[in-house]
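Go by the hints and put chain B onto chain C.
2 protein chains.
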Amino acid sequence: MSTSEIDASVQAELNRLRESIDNIDAAVVHMLAERFKATQQVGRLKADHQLPPADPARETRQITRLRQLAQSANLDPAFAEKLLNFIIAEVIRHHERIAEEAGNGNADGNGNGSATAAEA
Amino acid sequence: MSTSEIDASVQAELNRLRESIDNIDAAVVHMLAERFKATQQVGRLKADHQLPPADPARETRQITRLRQLAQSANLDPAFAEKLLNFIIAEVIRHHERIAEEAGNGNADGNGNGSATAAEA
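As they're listed, the protein sequences go chains C and B. Each position in the first sequence, counted from 1, maps to that position plus 1 in my numbering. Each position in the second sequence, counted from 1, maps to that position plus 1 in my numbering.
Calculated directly from the structure, the hints in this document are not laboratory data. The model shown is predicted, which means the values in this text are computed figures rather than measured ones. Each statement offered as a hint is correct.
Straight-line C-alpha distance at most 27 Å; calculated DSS-like pairs for lysine-lysine:
{"no.": "1", "chain 1": "B", "residue 1": "Lys83", "chain 2": "B", "residue 2": "Lys47"}
{"no.": "2", "chain 1": "C", "residue 1": "Lys38", "chain 2": "B", "residue 2": "Lys83"}
{"no.": "3", "chain 1": "B", "residue 1": "Lys38", "chain 2": "B", "residue 2": "Lys83"}
{"no.": "4", "chain 1": "C", "residue 1": "Lys83", "chain 2": "B", "residue 2": "Lys83"}
{"no.": "5", "chain 1": "C", "residue 1": "Lys83", "chain 2": "B", "residue 2": "Lys38"}
{"no.": "6", "chain 1": "C", "residue 1": "Lys83", "chain 2": "C", "residue 2": "Lys38"}
{"no.": "7", "chain 1": "C", "residue 1": "Lys83", "chain 2": "C", "residue 2": "Lys47"}
Looking from chain B toward chain C, a few residues come up when the C-beta cut is under 8 Å (computed):
{"no.": "8", "residue": "Leu15"}
{"no.": "9", "residue": "Leu18"}
{"no.": "10", "residue": "Ile22"}
{"no.": "11", "residue": "Val30"}
{"no.": "12", "residue": "Arg36"}
{"no.": "13", "residue": "Ala39"}
{"no.": "14", "residue": "Val43"}
{"no.": "15", "residue": "Leu46"}
{"no.": "16", "residue": "Arg66"}
{"no.": "17", "residue": "Ala74"}
{"no.": "18", "residue": "Leu76"}
{"no.": "19", "residue": "Glu91"}
Derived contacts from chain C toward chain B, CB cut-off under 8 Å, selection only:
{"no.": "20", "residue": "Glu14"}
{"no.": "21", "residue": "Ile22"}
{"no.": "22", "residue": "Val30"}
{"no.": "23", "residue": "Leu33"}
{"no.": "24", "residue": "Glu35"}
{"no.": "25", "residue": "Arg36"}
{"no.": "26", "residue": "His50"}
From the three backbone atoms N, C-alpha and C, an ideal C-beta is built for every residue, glycine too.
The following block holds chain C by itself, in its conformation from the complex (with noise of 0.2 Å):
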């Protein structure tokens, strides 16, 4: 084999990885949008029935199921947790961007301004 004809080989082999990794990036970004659109869901029926907008309980529950998740998928339990973290802040932002085109944040009396405790 030529030094070119390895070049190609790698070049191919290294295009296979990246349109992988562009194609789970793709999948992963639908995912989100379509977690979010649950979230909001979530955060309406909680708002329109009383219910408070936090339930730690169910978040250490999905805390300590990520972890599993990860564990069992040969991935950093510490990196899982971090994930969700760093979801629930969006979640936290989206809720925040919706109370203030609501108006002043809190036209409803129905937990907005305690939107930054929400479920994610």
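Relative to the frame of chain C, chain B by itself:
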């Protein structure tokens, strides 16, 4: 509908949404496990063929593409960029761990020492 019937239907809807959130989280964790397998293969391929670990042009294309994907999925493009940076930080941690496990972190002279600039 009595109060308890309303409660039961609200609880059922909340459970339905939480199950979707849990399913999505499991999918994302497994997608990311697959992604880390791909980036590790990229790292090995580059090390084996003396290719530079980082590729800034590739990274710029990834960011541009993810921002566009986010926009079409009705997600904040800044969130997609932050997500990519979050994942890249973990890829770098993986590379550092591999380098550490390989000895003093620069055993093969093929750039493990510059793993902190590896493609993600």
